[in-house]
Amino acid sequence: MIPCNCVVQEGQIPDDTAAALRASISEFTERAFGAPAEFSWLAVPERSGFTASAPSTSSIISLRAPRAVSLSEREPLLRELCGIWTDHTKCSLNEIVGVISDPVAE
Amino acid sequence: MPLYMCNSAKGTIDDAAKPKIAADITRIHCDVTGAPPQFVHAFFVEDSPAQPLGDKSAMLFGSIRSGRTDAQKAQIIEEMQASIQTHTGLSRDEIGMITADVPASWVLEGGEIMPEPGEEAEWLAKHGHHAPAE
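Which chain is which? The protein sequence lines are W and X, in order.
Mapping of the first sequence onto our numbering: position 76 corresponds to residue 76, and the numbering continues sequentially without gaps.
For our numbering, add 106 to where a residue sits in the second sequence, where the first one is 1.
Honestly, the hints are just simulated from the structure, not real lab data.
We put the CB at the ideal spot given by N, CA and C, even for glycine.
One should not assume that every hint holds.
With a cut-off of at most 30 Å between alpha-carbon atoms, the simulated DSBU-like pairs for lysine-lysine come out as follows [as the list claims (entries may be wrong)]: (1) X:K126 / X:K116; (2) X:K232 / W:K90; (3) X:K179 / X:K126; (4) W:K90 / X:K124; (5) X:K116 / X:K179; (6) X:K232 / X:K179.
Covered by chain X, according to a simulated footprint, are these stretches of chain W (three or more residues, beta-carbon under 8 Å) [said to hold, decoys possible]: (7) 42-55; (8) 70-78.
Make the full structure from the sequences, and use the hints.
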């Protein structure tokens, strides 16, 4: 399983959209890393998220790769991942932060 | 990025305090690092198991780009803890904070790989923003 932490603003993504989004992200991790995503989904309550000191519409998706990934591989993967997010949620690219991290060093 | 995630015991930080602390977090991060405010996210949650409180009433987890010095991180921690103390009435001992370094190359924001610290002006110009005077 690929650990995938999502932080969204409460009420911003309808439940059915979120379910379809998670399914598409899991398909993505299957293609990219050979395993489905294991989600931690955190909704920031209303009036509790701020970007540049203003009420936030930003979401964060952070997944941990099972192996070290080079920048030349990581960048297109991040673009695809954020593209999946914007396609489903109709948010702009300025409202999504994507992170693909390497495994924790033993 | 940075992402500052504040987890607290239910009712510890009221809705009036959150925008004040978020403004302080943004100002402190930008003052200490020179980063522009557009990058700074401050989110507040309660009793989140993802960010354990331990023996604290409030914990601030800062995911910041790699490259900040130990002195910068210490200043960020000191001043952000002070902000939470000011706006909540908690004692300093009840407020915890840690930071984690995240390589800029791991992050896509605004459709682009994040710039390394100190290279933000060019990145912002490319995205139609202007870096604030520092």
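Evaluated hints:
no. : hint            : result
1   : X:K126 / X:K116 : holds (18 Å)
2   : X:K232 / W:K90  : holds (22 Å)
3   : X:K179 / X:K126 : holds (21 Å)
4   : W:K90 / X:K124  : holds (27 Å)
5   : X:K116 / X:K179 : holds (27 Å)
6   : X:K232 / X:K179 : holds (28 Å)
7   : 42-55           : holds (count 10)
8   : 70-78           : holds (count 4)
In this structure, none of the earlier numbered hints is contradicted; all agree with it.
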